[in-house]
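K.L.:
Residues per chain are reported as follows:
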Amino acid sequence: MSAFSWTGNPVFSIAVTILAYAAALALHRRWKWFSPIVAACLPIVAVLLLLREPYSIYNRGGGFLTWWLGPATVALGFPMHRHGVALRRSLPRLALVVFAGSVVGMTTAGLTAWLLHAPLPVVMSAVPKSVTTPIAIEVCRELNGIPQITIAMVILAGVLGATLGVPILRLARLRDDRVIGAAIGTASHGIGTASLVRRSEMQATVSSWAMAAAGVFTSLLAAALAMLMRW
Amino acid sequence: MMERMDYLFGTAILVGFFLVGSLLHRVGVPIPGGVLGMLLFYLALSSRLLKPAWVERASTLLLRHMVLLFVPLTVGLMDMGKLLSRQWLAIAASLLISFLAVLLTTGLLGRWLLPAEPDAPAPQTGKAAQGAGR
Chain H
1 MSAFSWTGNP
11 VFSIAVTILA
21 YAAALALHRR
31 WKWFSPIVAA
41 CLPIVAVLLL
51 LREPYSIYNR
61 GGGFLTWWLG
71 PATVALGFPM
81 HRHGVALRRS
91 LPRLALVVFA
101 GSVVGMTTAG
111 LTAWLLHAPL
121 PVVMSAVPKS
131 VTTPIAIEVC
141 RELNGIPQIT
151 IAMVILAGVL
161 GATLGVPILR
171 LARLRDDRVI
181 GAAIGTASHG
191 IGTASLVRRS
201 EMQATVSSWA
211 MAAAGVFTSL
221 LAAALAMLMR
231 W
Chain X
1 MMERMDYLFG
11 TAILVGFFLV
21 GSLLHRVGVP
31 IPGGVLGMLL
41 FYLALSSRLL
51 KPAWVERAST
61 LLLRHMVLLF
71 VPLTVGLMDM
81 GKLLSRQWLA
91 IAASLLISFL
101 AVLLTTGLLG
111 RWLLPAEPDA
121 PAPQTGKAAQ
131 GAGR
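Chains H and X are the protein sequences, given in the same order. Here my numbering is used: position 13 in the first sequence is 13, and no number is missing along the way. Here my numbering is used: position 76 in the second sequence is 76, and no number is missing along the way.
Incorrect hints may have been included.
Claimed, not checked - One-sided and incomplete, this derived list gives chain H residues near chain X with beta-carbon spacing under 10 Å:
id, residue
1, N59
2, G101
3, T132
4, I149
5, G161
6, T186
7, T193
Read the hints as simulated data drawn from the structure, not as lab findings. Note that the structure is a prediction, hence the values are computed from the model and not measured. All residues carry an ideal CB built from backbone N, CA and C; glycine is no exception.
Same shape as in the complex, but just chain H (with noise of 0.2 Å):
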């Protein structure tokens, strides 16, 4: 339990996390490379330590902002509906680059983890990583996999694209904003899309529509995957 019975209330969960994200931002705008996520994540740890406040109780409050996600997601529709006009024609060529994605990313990590003598579990824990947290614990689930390890890989993944991903591309020297979006949001799902939104605009609807297509194939695929084991 926690030294002081007020760190307890959600409201102050909610509060500290609210503080630590406007600080992170601050420092986002002063030093570029600073990642707003992880600059927000360390001083809340940090906090939650010295206090010996257990992440249960924190996550009391926490859960409140969690649940947003949900709304936030449904926003996403309205880039995308901004942008639609324009991205129209390349839809049907957006999706096919988003579906090869989606098969390198389910194939490549569970075959890494299996050549790295996982046990099965942990290897389909792997499989649905590059996706939205819903949808890849529905997908883990089927596969038999374990939900914890699926959830700190997706959120690992996502901060991945959100620090390094750009970077990375640019080294490949893909700078276009569709080719961005579309690897990001494939890659890194919503918090890789959430990085791109302070970005550009189309940059962040083109990963929305990556992100929404990546989590649509992943889970036809792993649902073929998953009756293809049970035969």
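Let chain H serve as the given structure and place chain X on it in line with the hints.
P.N.:
Below, chain X alone, put in the same frame as chain H:
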């Protein structure tokens, strides 16, 4: 109708679509509520059932601060150390290799298949301009 509806009304619409999506998911559609809600919301905007002005402010606000909403989940990584440490090599290698593979496959394939067409900023052709009329 007012030119621009306020945040509260727009937020209520977004929440409504999320709840409808979640309900459909619970009934058996194999796509999560948020993503389903997003697709329905997009269709509603495209078919002009919803006016963009009703939801513009609320959507923009939520999207601009979407990173904040991911913070509590990410802080949760602090509890997963023990679980991850047993298979850390396989998990880390799988994560990194697969992340790079997806990013570069999508990126390179995208550069080939998604050329920066002139239709990007402002649709100029007659057909596109017609569709863009808001």
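K.L.:
Holds or violated: H:G161 as interface residue toward chain X, Cβ cutoff 10 Å?
P.N.:
holds, 7 Å
K.L.:
Given H:G101 was flagged as interface, is its beta-carbon under 10 Å from a beta-carbon of chain X?
P.N.:
holds, 4 Å
K.L.:
Would the hint on H:T132 be counted as holding, given a Cβ-Cβ threshold of 10 Å to chain X?
P.N.:
H:T132 check passes; min Cβ-Cβ to chain X is 7 Å, inside 10 Å.
K.L.:
Against chain X, with CB atoms and a cut of 10 Å, does the hint on H:N59 hold up?
P.N.:
holds, 6 Å
K.L.:
Is the shortest C-beta separation between H:T186 and chain X less than 10 Å?
P.N.:
At about 5 Å, which falls below the 10 Å cut-off, the nearest Cβ of chain X leaves the hint on H:T186 intact, so it holds.
K.L.:
Given H:I149 as an interface hint, is the shortest Cβ-Cβ distance to chain X below 10 Å?
P.N.:
Because about 7 Å separates H:I149 from the closest Cβ in chain X, which is inside the 10 Å limit, the hint holds.
K.L.:
Does the nearest C-beta of chain X fall within a distance shorter than 10 Å of the C-beta of H:T193?
P.N.:
holds, 8 Å
Violated hints for the displayed structure: none, as all numbered hints are satisfied.
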